Every structure is written in structure tokens, then in C-alpha cells.
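Undergrad: Same order as they appear, the protein sequences are chains A and B.
With the first letter of the first sequence counted as 1, position 110 gets the number 110 in this note's numbering; the numbers rise by one all the way through.
With the first letter of the second sequence counted as 1, position 25 gets the number 25 in this note's numbering; the numbers rise by one all the way through.
Do not take every clue at face value.
[Claimed, not checked] Residues from chain A shown here face chain B by an in silico Cβ test under 8 angstroms; the list is partial:
hint	residue
1	39
2	43
3	90
4	96
5	97
6	98
7	99
8	101
9	104
10	110
Just so you know, these hints were derived from the structure itself, not from any lab.
All of these numbers come straight from a predicted model, not from anything done at the bench.
C-beta atoms are modelled at their ideal positions from N, C-alpha and C, and glycine is treated no differently.
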Amino acid sequence: EADIYQTPRYLVIGTGKKITLECSQTMGHDKMYWYQQDPGMELHLIHYSYGVNSTEKGDLSSESTVSRIRTEHFPLTLESARPSHTSQYLCASTTGTDNSPLHFGNGTRLTVT
Amino acid sequence: GDSVTQMEGPVTLSEEAFLTINCTYTATGYPSLFWYVQYPGEGLQLLLKATKADDKGSNKGFEATYRKETTSFHLEKGSVQVSDSAVYFCALRTKYNNNDMRFGAGTRLTVKP
Numbered sequence: 001e002a003d004i005y006q007t008p009r010y011l012v013i014g015t016g017k018k019i020t021l022e023c024s025q026t027m028g029h030d031k032m033y034w035y036q037q038d039p040g041m042e043l044h045l046i047h048y049s050y051g052v053n054s055t056e057k058g059d060l061s062s063e064s065t066v067s068r069i070r071t072e073h074f075p076l077t078l079e080s081a082r083p084s085h086t087s088q089y090l091c092a093s094t095t096g097t098d099n100s101p102l103h104f105g106n107g108t109r110l111t112v113t
Numbered sequence: 001g002d003s004v005t006q007m008e009g010p011v012t013l014s015e016e017a018f019l020t021i022n023c024t025y026t027a028t029g030y031p032s033l034f035w036y037v038q039y040p041g042e043g044l045q046l047l048l049k050a051t052k053a054d055d056k057g058s059n060k061g062f063e064a065t066y067r068k069e070t071t072s073f074h075l076e077k078g079s080v081q082v083s084d085s086a087v088y089f090c091a092l093r094t095k096y097n098n099n100d101m102r103f104g105a106g107t108r109l110t111v112k113p
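Produce the complete structure using the sequences and hints provided.
TA: Below you can see the structure in the form of C-alpha cells.
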């Protein structure tokens, strides 16, 4: 049972297009995260949010931007997609306590041609 | 800073073989420790966790024990199945790092019939 939803699952677009990857959760979690996953499977944190109107850049530099206007919604936007943005993007959420796990969506696989 | 080091893959085993995936960590304070599993085409899902020293997490035949003295959290399973083929991530979370999750690089496991 998925409590965190990502759309679309797959997206193929041309260079220069603007895209938004959607992420929504129904658990009321304050903390939300975006990860980029490379073909070697390693996860790279690109953005996170600790609550409404809070957004921060992660460890990996990214040309994407995020917003957090509502607790349940954490979209990621690429203003001008490039082939180097081709990757898997995973969204996750959690409570603030240190023993709670992250809940992940099923990801968006983006291909920029 | 906090970090997780896990055994490099890929790991290939025959069905019913014994599995160990090593994980060691560096952290301030006493982290909570997690193992996540990612099946093909999906996001990560929690496999098991342990929140204090000497705790054993277990699920679906997998086990891991929180060893504070060796700062380790090795994943084990006595008899793997083809359906266990996936990528496994070790992770930690501590209040000294805003409770953000730190992941290892992931270990790909393939089980052959």
C-alpha cells in the first residue's frame, strides 16, 4: 500500500523542455526528500524540506528547484532539461524522530533526449 | 560527518546459500540503523531496523544486529531465494544530523536458481 505517490513513473522529453515531477504523501510527514539515483544504484540527496515553506539543497548539486506550499506536496522542477538530467528520481518522507524510517515512492525514471 | 560503508557488489549466490552483506558506520552519538531493499522498478522499502545497541532487527528471514563495539550492522539470511534478488541499502539516522538518513552505496544481490 503506497502512502507516497510519484508521477509520472516514466517520462521521455526533449532537451530544453520544462518539467515538473510530482510527489505527494498522505501521512502528514513534515520531512520530505528528493534523491537522484544513478545507474550504479547509489542515492544522492538533491533537495529536502523540513516543513511548509522550508526547502534546502542537498549534498549533490542540482539544477532543479523544489517548493513546499502544502505539507503533502513536494514537486521538483527542471526549467530546461538536458541529457545529463537523465536519471531515476526518488521522493521520500518521514517523521521527525530519529528511529523512524523513510517512506519512498516508486520513483520517476526521466530520459532527456 | 556521519557515514555508512557497505560491502561492494554485485553479489551472486545460488538459491539456498547463506547471505552476509557487511555494513559499518561512523556517527555522532547513538544512531538508529536500517536496512532497506529495492526491487527492480520500485522505490526503497524498509526491510528491518534497530534503534539501540545489541538490538536485533528481523524480517522475511533477514536479520541484523546492532553492534556498538564494532560499529556494524551486517545483514544476514540463512537461505536466500531467487525472489531476494534486489539492491540492499544500509542506512543510519541520528538526532545530531537533523535526523536525516545517511545511506550506504547499495549492494546488488542476484540469486540464481
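Undergrad: Going through the earlier hints one by one, which of them does the structure break, listed in rising order?
TA: 1 and 10
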